[in-house]
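**Q** Just so you know, the sequences run in chain order A and B. Counting along the first sequence from 1, when you hit position 190 you're at 189 in numbering that gives the first Met the number 0, and nothing is skipped either side. Counting along the second sequence from 1, when you hit position 103 you're at 102 in numbering that gives the first Met the number 0, and nothing is skipped either side.
Keep in mind that the hints were calculated from the coordinates and are not lab data. In this text the structure is predicted, and so the values were computed from the model without any measurement. Any given hint might turn out to be false.
Unchecked claim - Every beta carbon over 10 angstroms from chain B, so not counted as near; a handful from chain A, in silico:
| no. | residue |
| --- | --- |
| 1 | Arg17 |
| 2 | Gly44 |
| 3 | Ala95 |
| 4 | Leu98 |
| 5 | Asp113 |
| 6 | Gln114 |
| 7 | Ser129 |
| 8 | Ala156 |
| 9 | Pro172 |
| 10 | Leu183 |
| 11 | Thr199 |
| 12 | Lys212 |
| 13 | Tyr227 |
| 14 | Gln239 |
What the hints assert, rightly or not - Per the computed footprint, the stretches of chain B lying under chain A, defined by three or more beta-carbons under 8 angstroms from a beta-carbon of chain A, are:
| no. | segment |
| --- | --- |
| 15 | 9–21 |
| 16 | 43–50 |
| 17 | 59–69 |
| 18 | 73–84 |
| 19 | 89–100 |
| 20 | 104–110 |
As the list claims (entries may be wrong) - Selected chain A positions facing chain B (in silico; Cβ < 8 angstroms):
| no. | residue |
| --- | --- |
| 21 | Val38 |
| 22 | Ala65 |
| 23 | Ala69 |
| 24 | Val76 |
| 25 | Phe179 |
| 26 | Leu180 |
| 27 | Ala193 |
| 28 | Val194 |
| 29 | Ile202 |
| 30 | Ala219 |
| 31 | Leu225 |
| 32 | Ala234 |
A virtual CB, placed ideally from N, CA and C, is assigned to each residue, including glycine.
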Amino acid sequence: MSSQIASTVDRPWLMGAREAIPLLGGYIPVAISFGVIAVQSGFTGWEAVLISTLVYAGASQFLFVAMVAAGAPLWFVVLMTLLINARHVVYGPNIAPWLTASRWWPWLMHGLTDQTFALSHVRLPQLAESQRKAWFIGLSVVAWFSWIGGTVVGAVAGQELTQRSPLLGEVMPFALPALFLVLLAPRFAARLWAVTLGVTIVIALLLAVFGFKNAAIPIAAVCGALVYYGISALATEKVQRAGEVRNGQ
Amino acid sequence: MGSELWFALLVTALGTFLMRALPLLWMRRHLIRKQASNTLDAMPSWLTVLGPLMIAAMFGVSLVPSSINTATCLSTAVGTLATYLVWWRTRSLGWPVFFGVAVYGGVLLLANAAGI
Numbered sequence: 000m001s002s003q004i005a006s007t008v009d010r011p012w013l014m015g016a017r018e019a020i021p022l023l024g025g026y027i028p029v030a031i032s033f034g035v036i037a038v039q040s041g042f043t044g045w046e047a048v049l050i051s052t053l054v055y056a057g058a059s060q061f062l063f064v065a066m067v068a069a070g071a072p073l074w075f076v077v078l079m080t081l082l083i084n085a086r087h088v089v090y091g092p093n094i095a096p097w098l099t100a101s102r103w104w105p106w107l108m109h110g111l112t113d114q115t116f117a118l119s120h121v122r123l124p125q126l127a128e129s130q131r132k133a134w135f136i137g138l139s140v141v142a143w144f145s146w147i148g149g150t151v152v153g154a155v156a157g158q159e160l161t162q163r164s165p166l167l168g169e170v171m172p173f174a175l176p177a178l179f180l181v182l183l184a185p186r187f188a189a190r191l192w193a194v195t196l197g198v199t200i201v202i203a204l205l206l207a208v209f210g211f212k213n214a215a216i217p218i219a220a221v222c223g224a225l226v227y228y229g230i231s232a233l234a235t236e237k238v239q240r241a242g243e244v245r246n247g248q
Numbered sequence: 000m001g002s003e004l005w006f007a008l009l010v011t012a013l014g015t016f017l018m019r020a021l022p023l024l025w026m027r028r029h030l031i032r033k034q035a036s037n038t039l040d041a042m043p044s045w046l047t048v049l050g051p052l053m054i055a056a057m058f059g060v061s062l063v064p065s066s067i068n069t070a071t072c073l074s075t076a077v078g079t080l081a082t083y084l085v086w087w088r089t090r091s092l093g094w095p096v097f098f099g100v101a102v103y104g105g106v107l108l109l110a111n112a113a114g115i
C-alpha cells in the first residue's frame with residue numbers, strides 16, 4: 000500500500016466506502032447467520048435487526064441471543080456480552096493520534112469494530128487530516144449497513160439462502176483473513192515484527208482451533224507483546240555487552 | 000421482548016459503545032496534556048505495539064475455517080499464499096483480497112470436486 004495517498008483522494012468518503020467492500024465478504028454471511036439464529040431463538044425479525052443496529056458486535060450478539068434463549072439471568076447475559084466486547088477498549092486509543100478535533104469522533108466510535116479498526120489503524124495515518132473523518136464515515140456506514148442488511152436477510156430468508164448456496168457462505172468469509180494479511184504484510188519486513196507477529200498469529204490460530212475464539216484475540220496479543228519486549232530487551236542487552244567489550248579492549 | 004430484556008439490550012448497547020468511545024476520549028486528553036510535537040511519542044509504547052498485535056490475533060482467528068477439514072485447510076493455505084503474492088506485486092488493498100478470495104474459492108471447489 001502506498002505510504003502517502005493524501006494528495007490523490009478527491010472524495011474520501013467514497014474511498015472509505017470502497018475500502019469497506021472487502022469487509023462485506025466477512026460481515027454479510029455472519030450477519031445472515033445471526034438473523035437466522037436470532038429468529039430460531041425466539042426473537043422477532045425486528046428485534047434481531049435492532050440488536051444488530053444497537054450492539055453491532057458479532058460474537059457478543061450471538062452470545063446475547065443464545066444466553067437469553069437458554070434462560071440465563073439477564074445481569075449475567077449483559078456481563079458476559081460486555082466481557083467479550085472488552086477488547087474494543089484498546090482500539091480507540093490506538094487511532095486517537097490521527098483523529099482530528101471534531102466532536103463527532105466519539106459518536107463515530109459506534110462504528111469501530113475489529114475490522115474497521117484494523118483498516119483505520121493502517122489507513123488514517125496515510126490520509127490528510129481534513130479527509131480522515133469523511134473516510135471513516137464512508138467506511139463505517141457501509142460496514143454497519145451491511146451488518147444490518149445481512150441480519151434482515153437472515154431473519155427473513157436466511158435459512159433458505161444458506162441451504163441454496165452453501166459454498167458462497169464458505170468462500171466469502173475468506174475476505175477477512177485476506178484483508179488482515181494485507182494490513183499486516185508491510186510489517187513483516189522488520190525481523191522483530193516478523194517474529195512477534197508470527198508468534199501472535201500462531202497462538203491465536205491454535206486457541207481458535209481448540210475452541211477459544213473469543214479469548215484468542217486478547218491472549219495472543221498479550222503473548223505477542225511479551226515476545227516483542229523480550230526480543231527488544233535481549234537486543235538491547237546484546238548491544239550493551241558489545242559496547243562493554245569494545246570499551247574494555 | 001419484555002421490558003427487562005429491552006433494558007438488558009440497551010445496557011449492553013450502551014456499555015459496548017462506551018467501551019469504544021471512552022478510551023478514545025481518555026487518550027485524546029492524554030495527548031493534549033502531553034502537548035508533544037510528535038503525537039506518536041506521547042502515546043504509551045505498549046499501546047503502539049498492541050495495535051498491530053490485535054490485528055495479527057484477529058488474522059490468526061479468522062484463518063480457522065468454520066468446518067476444519069483437508070479441503071478448507073488446503074484452500075486457506077493456498078488462498079493466504081496467493082493473497083500475499085498479489086500484495087507483494089501490487090502493494091494495494093483491494094486486488095490481493097479479491098484474488099485471495101477467488102483462489103480460496105477455486106481451490107475449495109476443486110478439492111470438493113476431487114473428493115478431498
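**Q** Going back to the hint list, which numbers does this structure go against?
**A** Hints 1, 3, 4, 5, 6, 9, 10, 11, 12, 13, 21, 22, 23, 27, 28, 31 and 32 not satisfied by this model.
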